[in-house]
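Visitor: As you go down the protein sequences, you meet chains A and B in turn. First residue of the first sequence? That's 1 in my numbering, and the numbers climb one at a time after it. First residue of the second sequence? That's 1 in my numbering, and the numbers climb one at a time after it.
Hints are computed from structural coordinates only; laboratory data are not their basis. Ideal Cβ placement from N, Cα and C applies to all residues, glycine included. Among the clues, some could well be false.
Unchecked claim - Below are the DSSO-like pairs computed for lysine-lysine, each with C-alpha atoms no more than 30 Å apart in a straight line: (1) A:LYS53 / A:LYS1; (2) B:LYS13 / B:LYS57; (3) A:LYS54 / A:LYS1; (4) A:LYS1 / B:LYS57; (5) A:LYS102 / A:LYS53; (6) B:LYS57 / A:LYS102; (7) B:LYS13 / A:LYS102; (8) A:LYS68 / B:LYS13; (9) A:LYS68 / A:LYS102; (10) A:LYS54 / A:LYS102; (11) A:LYS54 / A:LYS68; (12) A:LYS102 / A:LYS55.
Stated by the list, open to error - To give an idea of the chain B side of the interface with chain A (calculated C-beta under 10 Å), a few residues: (13) LEU43; (14) GLN44; (15) GLU48; (16) ASN56; (17) GLY58; (18) SER65; (19) PHE69; (20) LEU83; (21) SER86; (22) ALA92; (23) GLN106; (24) PHE108; (25) GLY109; (26) ARG113.
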Amino acid sequence: KNEVEQSPQNLTAQEGEFITINCSYSVGISALHWLQQHPGGGIVSLFMLSSGKKKHGRLIATINIQEKHSSLHITASHPRDSAVYICAVVSGGGADGLTFGKGTHLIIQP
Amino acid sequence: KAGVTQTPRYLIKTRGQQVTLSCSPISGHRSVSWYQQTPGQGLQFLFEYFSETQRNKGNFPGRFSGRQFSNSRSEMNVSTLELGDSALYLCASSYSPGTSGGYNEQFFGPGTRLTVL
Numbered sequence: 001k002n003e004v005e006q007s008p009q010n011l012t013a014q015e016g017e018f019i020t021i022n023c024s025y026s027v028g029i030s031a032l033h034w035l036q037q038h039p040g041g042g043i044v045s046l047f048m049l050s051s052g053k054k055k056h057g058r059l060i061a062t063i064n065i066q067e068k069h070s071s072l073h074i075t076a077s078h079p080r081d082s083a084v085y086i087c088a089v090v091s092g093g094g095a096d097g098l099t100f101g102k103g104t105h106l107i108i109q110p
Numbered sequence: 001k002a003g004v005t006q007t008p009r010y011l012i013k014t015r016g017q018q019v020t021l022s023c024s025p026i027s028g029h030r031s032v033s034w035y036q037q038t039p040g041q042g043l044q045f046l047f048e049y050f051s052e053t054q055r056n057k058g059n060f061p062g063r064f065s066g067r068q069f070s071n072s073r074s075e076m077n078v079s080t081l082e083l084g085d086s087a088l089y090l091c092a093s094s095y096s097p098g099t100s101g102g103y104n105e106q107f108f109g110p111g112t113r114l115t116v117l
């Protein structure tokens, strides 16, 4: 069973700061999701990646397969980025469903 | 293209009752997965359905069951509700289930928040 660890668990930052959230997993994976969850519950998939780096607007996600580690970066953070960010990994092609980290609670203060 | 829809969005039940939640996947998606989210355990995989068949199941008791219809819509049922079943239940759809050869991205619905009193 894949163990997924996220850090930090909680993060409060000022508007404009560069944010980094880390995710480590224990077993080789097929893919990794970065998910965003706002109060109210709905989950949005920000990225799905299996190698390298992806960028969308102010968000950047990287993954190092050899080190079993991924990072989510937010540049020029804004209060609307305040949310829970969840890392989820796919093992064995997804036959066992997604395995999730505990999430990082991010608060961006104006 | 409409996203994943779940009904109802909120539900209050009492212990011992049963509940049925519904999920309509994105048009063209044939795989539906269900997840439970609680403050203590976080997000956990319940089960996945494809072509009206359960492909896999997470570590949940038999009180949790589901099914999928020919139009790919899925329902999950929880019988004999317990206080600990209070949670956000999320479904996610994908074009087809993952295999050892590849994974298809999942798209999540808004969830059904179940409160058991």
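Visitor: Indicate, hint by hint, whether the structure satisfies it.
Guide: Now for the hints, and whether the structure bears them out:
no.: 1; hint: A:LYS53 / A:LYS1; verdict: holds, 26 Å
no.: 2; hint: B:LYS13 / B:LYS57; verdict: holds, 24 Å
no.: 3; hint: A:LYS54 / A:LYS1; verdict: holds, 27 Å
no.: 4; hint: A:LYS1 / B:LYS57; verdict: holds, 14 Å
no.: 5; hint: A:LYS102 / A:LYS53; verdict: holds, 23 Å
no.: 6; hint: B:LYS57 / A:LYS102; verdict: holds, 21 Å
no.: 7; hint: B:LYS13 / A:LYS102; verdict: holds, 27 Å
no.: 8; hint: A:LYS68 / B:LYS13; verdict: violated, 42 Å
no.: 9; hint: A:LYS68 / A:LYS102; verdict: holds, 17 Å
no.: 10; hint: A:LYS54 / A:LYS102; verdict: holds, 22 Å
no.: 11; hint: A:LYS54 / A:LYS68; verdict: holds, 17 Å
no.: 12; hint: A:LYS102 / A:LYS55; verdict: holds, 23 Å
no.: 13; hint: LEU43; verdict: holds, 4 Å
no.: 14; hint: GLN44; verdict: holds, 7 Å
no.: 15; hint: GLU48; verdict: holds, 6 Å
no.: 16; hint: ASN56; verdict: holds, 6 Å
no.: 17; hint: GLY58; verdict: holds, 6 Å
no.: 18; hint: SER65; verdict: violated, 16 Å
no.: 19; hint: PHE69; verdict: violated, 20 Å
no.: 20; hint: LEU83; verdict: violated, 19 Å
no.: 21; hint: SER86; verdict: violated, 13 Å
no.: 22; hint: ALA92; verdict: holds, 8 Å
no.: 23; hint: GLN106; verdict: holds, 7 Å
no.: 24; hint: PHE108; verdict: holds, 4 Å
no.: 25; hint: GLY109; verdict: holds, 8 Å
no.: 26; hint: ARG113; verdict: holds, 7 Å
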